[in-house]
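Colleague: Hints in hand, dock the two standalone chains.
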Amino acid sequence: MAPRTPLTAQEVARIRADFPILARTVRQDRPLVYLDSGATSQKPLCVLDAERDFYLHHNAAVHRGAHQLAEEATDAFESARTRVAKFIGARPADVVFTRNGTEAINLVAYALSNAGAPGALDGADPAAAARLRLGPGDEIVVTEMEHHANLVPWQELARRTGASLRWIGVTDEGHLADPAEVIGPRTRVVAVTHVSNVLGTRTDVAAVVAAARAVGALTVLDACQSVPHFPVDVTELDVDFLVFTGHKLLGPQGIGVLWGRGELLAAMPPFLTGGSMIEMVRMEGSTYAPPPQRFEAGVPMAAQAVGLAAACDYLDRIGMAQVAAHDNALVTHALQRLAERPWVRVLGPTDPADRVGAVSFVVDGVHPHDVGQVLDDAGVAVRTGHHCAWPLHRRLRVPASTRASFHVYTTTAEVDAFVEALDRVPDIFGVSA
Amino acid sequence: MDLYAELIIEHAKRPQHAGLREPFDTETHHLNPSCGDEVTLRVRLDRSGEHPVLADVSYDAMGCSISVAATSVLAEECLGRPVPETLQTYAAMHAMLTSRGQDEGDPEQIGDGVAFAGVSRYPMRVKCALLGWAAYLDALARAGVDIGGAPTDVRALERS
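Protein chains in written order, with our numbering: chain A, -10 to 422; chain B, 5 to 164.
Treat each hint with caution, since some may be false.
Only part of the chain A face toward chain B is listed, based on derived beta-carbon distances under 10 Å [what the hints assert, rightly or not]:
hint: 1; residue: T224
hint: 2; residue: D353
hint: 3; residue: H356
hint: 4; residue: P357
hint: 5; residue: D359
hint: 6; residue: T373
hint: 7; residue: G374
hint: 8; residue: W379
hint: 9; residue: H382
hint: 10; residue: G419
hint: 11; residue: S421
Anything over 12 Å on all C-beta distances counts as not near chain B; from chain A, calculated [to be verified]:
hint: 12; residue: A6
hint: 13; residue: L11
hint: 14; residue: R13
hint: 15; residue: N48
hint: 16; residue: A55
hint: 17; residue: P81
hint: 18; residue: D111
hint: 19; residue: R191
hint: 20; residue: T276
hint: 21; residue: A286
hint: 22; residue: P331
hint: 23; residue: T339
hint: 24; residue: G361
It should be emphasised that the hints constitute simulated quantities derived from the structure, not laboratory data.
Predicted, not measured: the structure shown is a model, and the values here were computed from it.
For every residue, glycine included, the Cβ atom is placed at its ideal position computed from N, Cα and C.
For reference, chain B alone in the conformation it holds in the complex (with noise of 0.2 Å):
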């Protein structure tokens, strides 16, 4: 099956970065009403440059496989890097989930995230894939971070 890379198996199994660690400031918890999956998602960030950087994601991913691939992979890309060159990685993921199989995504861009290409043809699971995002995007809205205007609600995520 295309949908189930291994790489997404892999990280649905040993979820990297997992586990919700202090010191943290901002916490958000996200679930998809459709299916129950949750995720608890917290950010810290170090200000202390010209643009913030994500000095810690960490989380606690409860779903189907692609949820939690979609929260490690995205811990993983993003971890330690300017926030707002995480915020290209989620807008290169975006439009590769939402392609509905057009775009099958840049490993410079999304790194592991190429994985999730597949999950673009199966339009009921573009929202697994989209909520730790959801998450995120909140998380560091509620921490004062411009998000460019980015609905923070994973249906309205999945039709921006």
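Okay, chain A solo, but in the shape it has when bound (with noise of 0.2 Å):
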């Protein structure tokens, strides 16, 4: 998985030729830089073609009706399903569509909370329904530095079932603390971030897996900032539940992914309910499909499914190993360029190779969302504020902080009109340089 060739100036060319809206202007004609990948990611031709071709040729309502439209609008979603299974590794029937990452660990959340009601575990395999039961005295364990959906969602889950939430620390120089001093028999579950959406900084996984499977925990991991960064097999990391999300992913917004271990998912019971779920509804009662059409009710989005599956294909012809190289060689360049600058104090650790695709750092004396718009002025677009990551602000002892993230299509040019932009800061308000 170790950066091997980053792309040369000419391949980001011809890659940055493929997503229009980096070509526009901004704030009185200013050619955008944007840097704020982590947010969201600009998204490719190939993928919005994908979904006008499947409103303009196939559209249908999925897993319902005979017709031809409905057959093909069928296929297309299930197609995209084991395309993105192929991506992290996967089995497709393992793959669950939902509307984002939020969703798909809420639907972990609440299908394990639903776990404990009556007969919801009834005919499902002892040892995995075993492993889906939660109550009090049982312990949740999640990190300080989760975006929110990765610990309200396990906040709510422990008031409902009485658990209780205990958390991994974060040490001053921004890396986890060890899992294994928090991760005890009393814990069901571990949900643990890939990647930090702040700091960047990379979870060893392994030691997290280790100290879980040792006392038979669940492992969920948010992979929504590393999965459009390195390569991801789910194999490889061997958690139980792995989520991401399309739009951080060069997809289309209104999709995410939740992969579970087979015999997981077909012990749980539904989050969501309704139609396309079920295998039998009476009067009195419903019997429900297996996975992952049991995760999937309602009508699913199957446009945004296979503008997925696009970005995947588009990702996989660029190489995810030449987009990790080039994730780090961006990273290097901006650490080196920010380092140069005395007032500017990066968050976390600063050597390149403990980061994926984001650099957040404060300007002591001036706050985030004034540095932000200095940068916007040059028409440069970074996320300012906590990042969802309050606790970790308050870990850090900074109110919020500013971030440069980045993809495939920025340029180690834009790294630096980001910096030139920053040179206006100490002089707008005041502060040393």
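Modeller: Right, here's the structure in full:
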């Protein structure tokens, strides 16, 4: 997985031609420098074309009706599932489409609390069912660096089930503390991020899985910030659930993915219920379809799934190892340029080998919103605020930060434009440069 | 940049009448959940005359230059004045901030508040300039002042 060959300038230029939005100007004719891909990535033409093609030629409600369009729409949706599954080394039957990453995490959290309802696990494989039961005295473990999407659903699950929430701390350097110190015999669920959306640090998943496995706890990996940036294989990771979103992966907004181990998905009760997810419905009660349909109630987001499959094709044509190498080159360059500015304080480790996709920083004495505004004035789009990771910012003792984040279409020249725009900040706000 | 008028930078660096003071009638704590900016604000009213007078307004503001400076201007413009007049100042500030660049503000009505005219061209920053005002309206309402039905949540205030 180590970076091998970063993309050449010519290759990146060719890639950029696939993203017409990158050629637009903002704020009085400044060329757009889009460094907010960690929030959402831009989408290549092939993704837009795939969605449009679906609506133009194949649109129908998936898994309903017997007419030809219904058949084609269902085929397109299921082929997209197969394609996305391949992207993460999974079996298609274990891939559930959701609205976004947040919904995918909530799906697991609600399935776990629904598992406590009378009869919810009737007929389920006893070994799998036992892993899904959660109650008072049990512990759910998260980390202090989670995105709110991988924190609040677990707080709520703890509240609903009477389980306790515990968390793995973050060191002053921005690394995760030893998971084995928090994961213990009472731990039933361990939910961690694969890559911090603020620090860009990569979690040592093997250490988390080893500690969780030793006590039989379920592992849930938030891969929203990893799948877009380097090759991810669910078999290698050996977690129980993995979640990511389409819109950070050059895909459309409105599509997310939950991957789960087949035997766990098979034992899990549904989260959302209604059409499409049933096996048999009578007035007295219903039985449910096997996964993945059990977890896909209602008409699914077929066009978005098709778009996401096109995004996977696009990234695989470039090669995820190359995508990772390019990302590492950008992070390395950004860290170097920022290190030349003593008034910039980068959050988290400053070794690029520890980082993926993003660099967050503060300028002491200047609020990140003001930093972001100065950058925006120069056409540079970054994220400012707490990035949906308020506890992590509290832990690092900063109210908020500014984040520059990258993707395969980002150039080193854009990183330069960003740091040069940043140089106006000390002057405007009267802090010493 | 037209957003960062010199007055805004000055108020942000040296917020006027800052710090939480005693005695006070009511205290409110408001935050902007999208960025984490916070303000704690206290008011003390003198009710000896026909209209209550803002005898003191004190605050602790933590946030971007726009939100800190806006709270500072609020204190500078409103301190010592009859409360109904301060509500007029608020209404004029609100009209300017939500005008998308159409209303430049009247210095007679809002004093240093005119420095915030540029903020109205940046819809994402209007909330910042209204945070202190939301806290102020809330503090008045808690003190029993009729604030004319104005919302006191900054997100609602922005759209009102």
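Colleague: Using Cβ atoms only, decide whether A:T224 comes closer than 10 Å to chain B, and label the hint accordingly.
Modeller: Violated, about 39 Å.
Colleague: A:G419 was flagged as interface toward chain B. Is the shortest Cβ-Cβ separation under 10 Å?
Modeller: Check passed: Cβ of A:G419 comes within 7 Å of chain B, closer than 10 Å.
Colleague: Does the CB of A:T373 sit less than 10 Å away from some CB of chain B?
Modeller: holds, 7 Å
Colleague: Checking a non-interface call: every C-beta of chain B should be farther than 12 Å from the C-beta of A:T276. Is that right?
Modeller: About 42 Å separates A:T276 from the closest Cβ of chain B, which puts it past 12 Å; holds.
Colleague: Could you check if A:D359 really has its C-beta closer than 10 Å to a C-beta on chain B?
Modeller: With a minimum Cβ separation of about 5 Å from chain B (threshold 10 Å), the hint on A:D359 holds.
Colleague: Confirm or reject the statement that A:P81 sits farther than 12 Å, beta carbon to beta carbon, from all of chain B.
Modeller: holds, 38 Å
Colleague: Should the label of A:A286 as a non-interface residue stand, given a Cβ cut-off of 12 Å to chain B?
Modeller: Check passes; 30 Å lies beyond 12 Å.
Colleague: Report holds or violated for the interface hint on A:H382, using the least CB-CB distance to chain B and a cut-off of 10 Å.
Modeller: Interface hint status for A:H382: holds (7 Å vs cutoff 10 Å).
Colleague: The output says A:G361 does not contact chain B. Does that hold with a beta carbon cutoff of 12 Å?
Modeller: violated, 9 Å
Colleague: Are A:G374 and chain B close enough, Cβ to Cβ, to be under 10 Å, as the hint says?
Modeller: Holds, about 4 Å.
Colleague: Does the claim that A:R191 lies outside the interface with chain B hold up, using a Cβ gap greater than 12 Å?
Modeller: holds, 26 Å
Colleague: Minimum Cβ distance from A:S421 to chain B below 10 Å?
Modeller: violated, 13 Å
Violated hints for the displayed structure, listed by number in ascending order: 1, 2, 11, 24.
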